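Undergrad: Here's the letter readout for the chains.
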Amino acid sequence: MKRAGFTTRWLPILLLLPQLSIIAIFFYWPAAHAVHSSFYLADPFGFGATYVGVDNYADLAGSSEYLKVARFTLIFTLLVTFFSLALALLLAVKADNIIRGAKSYRTLLMWVYAVAPPVAGFIGLIMFNQSWGPLTEAARAIGWDFKLGVNFNDTATAMVLVAVWKQVPVNFIFFLSGLQSIPKPVREAALIDNRSARGRFWDVTFPLLAPTGFFLLIINITYALFDTFGVIDTMVKGEPGNNPMTLVYKVYVDGFRGNDMGGSSAQSVILMLLVLALTIFQFRLIERRIHYT
Amino acid sequence: MTDIPYTPAARRIRWSVLADHAVLIAGSLFLLIPLLVMLQTTTTTDLETIKYGPQLAIGDQLDDNFRAAMFKASGFSGQNTGLSMLINSTILGLGFALGKIVIGMMAAYALVYFRMRFATLAFWLIFTTLLLPLEVRILPSYEIAQKLNLLNSYTGLILPLIASATATFFFRQFFRAVPEELVEAARIDGAGPVRFFIDVLVPLSRTMIAAMFIIMFVFGWNQYLWPTMITTEEGMYTLVRGIKQLTQDLEGTNIPEYGRANMLALIAILPPVAVVIFFQSWFVKGLTESDK
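Residue numbers (full-length UniProt numbering), protein chains in the order written: chain E, 1 to 293; chain R, 1 to 292.
For reference, chain E alone in the conformation it holds in the complex (with noise of 0.2 Å):
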């Protein structure tokens, strides 16, 4: 709040009440609605549901299924934000360091950027075509005989890179954009101290870009879990099957396809506790990242 602010009664209210009607109506009733029918047994042709106390909840922790995809979910994760996020900073600091040509190999850098999920997705079945993909021939010239929504591991690596591939240019702007704010002095005092490039890295530049690599990983970590539901929709062909899925696709497999709204719900109230301790934790970042800067 400003000091000087104004005083008018109504005006606050009208123009508050756009935002809060819309996130009352489309944020809070269905966060609710999840947490209550994640108590409850839905009956799946709609004839009422049974208060089930914990027994979704049991059931999941139970279920052989859903630790399955916990696990896969863990692992994609790992996988997904470490590699995009070591191959955008390697990409930043060779564009940081170049002088001719900055802004084309930004722009090329980037434009993907721009790319949706699910379309990234489908440019994934067609690189890896059973039969003339040029990634699957390529797989096939090492003598590995690549089989997408066939095999699952197979599936697995081509769902990595994909997601890889998407979220590469993000990581690489912000990189790029922490590199350049690094006031000249402190480039300068680096050379003259540090004569190895990859000593002034590792030294000055890499603790310096702490803070925007704090705020990407949490980034990286919540694209992974939820913004790769349209590459991993699109790549299993909408038929989950065998296929690997995230603990989002699952909600929405289990839900929509599967009719079961409770189980759903708990899934759901899950992952909200999930974002929420992953938010809190990014809270306590930024407030450290105070001091850094």
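Hints were generated in silico from the structure; no laboratory data involved.
Some hints here could point you the wrong way.
[Claimed, not checked] 30 Å max Cα-Cα, derived DSSO-like pairs, lysine-lysine:
#  : chain 1 : residue 1 : chain 2 : residue 2
1  : E       : Lys147    : R       : Lys51
2  : E       : Lys103    : R       : Lys285
3  : E       : Lys147    : E       : Lys237
4  : E       : Lys237    : R       : Lys285
5  : R       : Lys51     : E       : Lys237
6  : R       : Lys285    : E       : Lys184
7  : E       : Lys237    : E       : Lys68
8  : E       : Lys68     : R       : Lys244
9  : R       : Lys147    : E       : Lys147
10 : E       : Lys68     : E       : Lys184
11 : R       : Lys72     : R       : Lys244
12 : E       : Lys68     : E       : Lys147
13 : R       : Lys244    : R       : Lys51
14 : R       : Lys72     : E       : Lys237
15 : R       : Lys72     : R       : Lys51
16 : R       : Lys244    : R       : Lys147
[Stated by the list, open to error] Examples of chain R residues lying across from chain E (beta carbon under 8 Å, computed):
#  : residue
17 : Gly27
18 : Ala107
19 : Thr129
20 : Glu135
21 : Ile144
22 : Gln146
23 : Ile267
24 : Ala268
25 : Thr288
Keep in mind that this is a model prediction, so the values were computed, not measured.
A virtual CB, placed ideally from N, CA and C, is assigned to each residue, including glycine.
Use these hints to put chain R onto chain E, whose structure you have.
TA: Using the frame of chain E, we list chain R on its own:
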């Protein structure tokens, strides 16, 4: 004697610059090659693609494939032509960006510039929405949209997506950084809150509005899960939502129409990519400053 130690140093630097370029070119190719593969298949006939896969040569079918993509329908209803999906995507992208910015600016203005009783409560109610993405509350949201009779409507497509406070948060940060003397000056001049907003604050935020608009347009255009659930009538499909149908078409018994499908995917990619490239500096500014 003096230039003997100098020469290897210069050569070393040049090598490292070359290495930098090599890494950047490799990275650019990694991102670009899939697009080129898609592009190539839109210039040849489907039979050629099926027989030989993507080639280096460019064919002459671009026009036919484009026409098929734009005017041929995918489903049974004959309503979801590329053109109709393009129109729906545009409505979603623009409507989402516009709604988000207008609502966000209004709320942020109220939060930053007014003294009121429930300001803290309003603040927390609004910013809690940043915590939970739509994906985790997707099914109850669908049920509510169904109850409100919003299925297969633009309102149902756009409004629930606006129910998060990213733009509000962004504008709040921006307004807080606006010098306080401006409000004082405006008040001394006798300007009321509405006047101050329209004549001072909005012109001042022009660049920010542009940056937000680009980010939000791309975000709205690229939505997938919510449009998939809320639109069941093919006339309401967006390009990104239509992608799933494309993948299923390619699995069908007929000759898969790679040319048409890839062309549609390219049409889905092109507008947001063009916007991002064209307004690059605003977009990067908006994106990297929104995290502060």
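Undergrad: Hint by hint, note whether the structure agrees.
TA: Quick rundown of the hints versus the structure:
1. For the suggested pair lysine 147 of chain E and lysine 51 of chain R, the alpha carbons sit about 19 Å apart, so the restraint of at most 30 Å is met.
2. For the suggested pair lysine 103 of chain E and lysine 285 of chain R, the alpha carbons sit about 15 Å apart, so the restraint of at most 30 Å is met.
3. At roughly 14 Å between alpha-carbon atoms, lysine 147 of chain E and lysine 237 of chain E fall within 30 Å of each other, so this suggested pair holds.
4. Our distance criterion of 30 Å between C-alpha atoms is broken by lysine 237 of chain E and lysine 285 of chain R, whose separation comes to about 37 Å.
5. Note on lysine 51 of chain R and lysine 237 of chain E: the hinted pairing holds, with a Cα-Cα distance of about 23 Å set against a maximum of 30 Å.
6. For the hint linking lysine 285 of chain R to lysine 184 of chain E, the alpha-carbon distance of about 20 Å falls within 30 Å, and the restraint holds.
7. Taking the CA atoms of lysine 237 of chain E and lysine 68 of chain E, the gap is near 20 Å; set against the 30 Å cutoff, the hint holds.
8. For the hint linking lysine 68 of chain E to lysine 244 of chain R, the alpha-carbon distance of about 26 Å falls within 30 Å, and the restraint holds.
9. Note on lysine 147 of chain R and lysine 147 of chain E: the hinted pairing is violated, with a Cα-Cα distance of about 43 Å set against a maximum of 30 Å.
10. For the given pair, lysine 68 of chain E sits about 50 Å from lysine 184 of chain E by alpha-carbon distance, which is inconsistent with the 30 Å threshold.
11. For the proposed pair lysine 72 of chain R and lysine 244 of chain R, the alpha carbon gap of about 16 Å is at most 30 Å, so the pair holds.
12. With a C-alpha separation of about 21 Å, the suggested pair lysine 68 of chain E and lysine 147 of chain E falls inside the 30 Å cut-off, and the hint holds.
13. With a C-alpha separation of about 24 Å, the suggested pair lysine 244 of chain R and lysine 51 of chain R falls inside the 30 Å cut-off, and the hint holds.
14. Our distance criterion of 30 Å between C-alpha atoms is met by lysine 72 of chain R and lysine 237 of chain E, whose separation comes to about 22 Å.
15. Using a Cα cut-off of 30 Å, the hinted pair lysine 72 of chain R and lysine 51 of chain R holds, with the two alpha carbons roughly 24 Å apart.
16. A hinted pair counts as satisfied when its Cα atoms are at most 30 Å apart, and lysine 244 of chain R with lysine 147 of chain R qualifies at roughly 26 Å.
17. Evaluation of the glycine 27 of chain R hint against chain E yields a held restraint, the C-beta minimum of about 5 Å falling below 8 Å.
18. A cut of 8 Å between beta carbons decides the hint on alanine 107 of chain R: the least distance to chain E is about 4 Å, and the hint holds.
19. Against a cut-off of 8 Å between C-beta atoms, the interface hint on threonine 129 of chain R holds, since the closest Cβ of chain E lies about 5 Å away.
20. Checking glutamate 135 of chain R against chain E by beta carbon gives a least distance of about 5 Å; that is within 8 Å, so the hint holds.
21. Given hint, isoleucine 144 of chain R at the interface with chain E, holds; its Cβ is 6 Å from that chain's nearest Cβ, closer than 8 Å.
22. Among the interface hints, the one on glutamine 146 of chain R is violated; its C-beta lies about 12 Å from the nearest C-beta in chain E, farther than the 8 Å criterion.
23. Look at isoleucine 267 of chain R: its Cβ only gets to about 10 Å from chain E, farther than 8 Å, so that hint breaks.
24. A hinted interface residue such as alanine 268 of chain R counts as satisfied when its beta carbon comes closer than 8 Å to some beta carbon of chain E; here the least separation is about 5 Å, so the hint holds.
25. The beta carbon of threonine 288 of chain R comes within 4 Å of a beta carbon in chain E, closer than 8 Å, and the hint placing it at the interface holds.
Violated hints for the displayed structure, listed by number in ascending order: 4, 9, 10, 22, 23.
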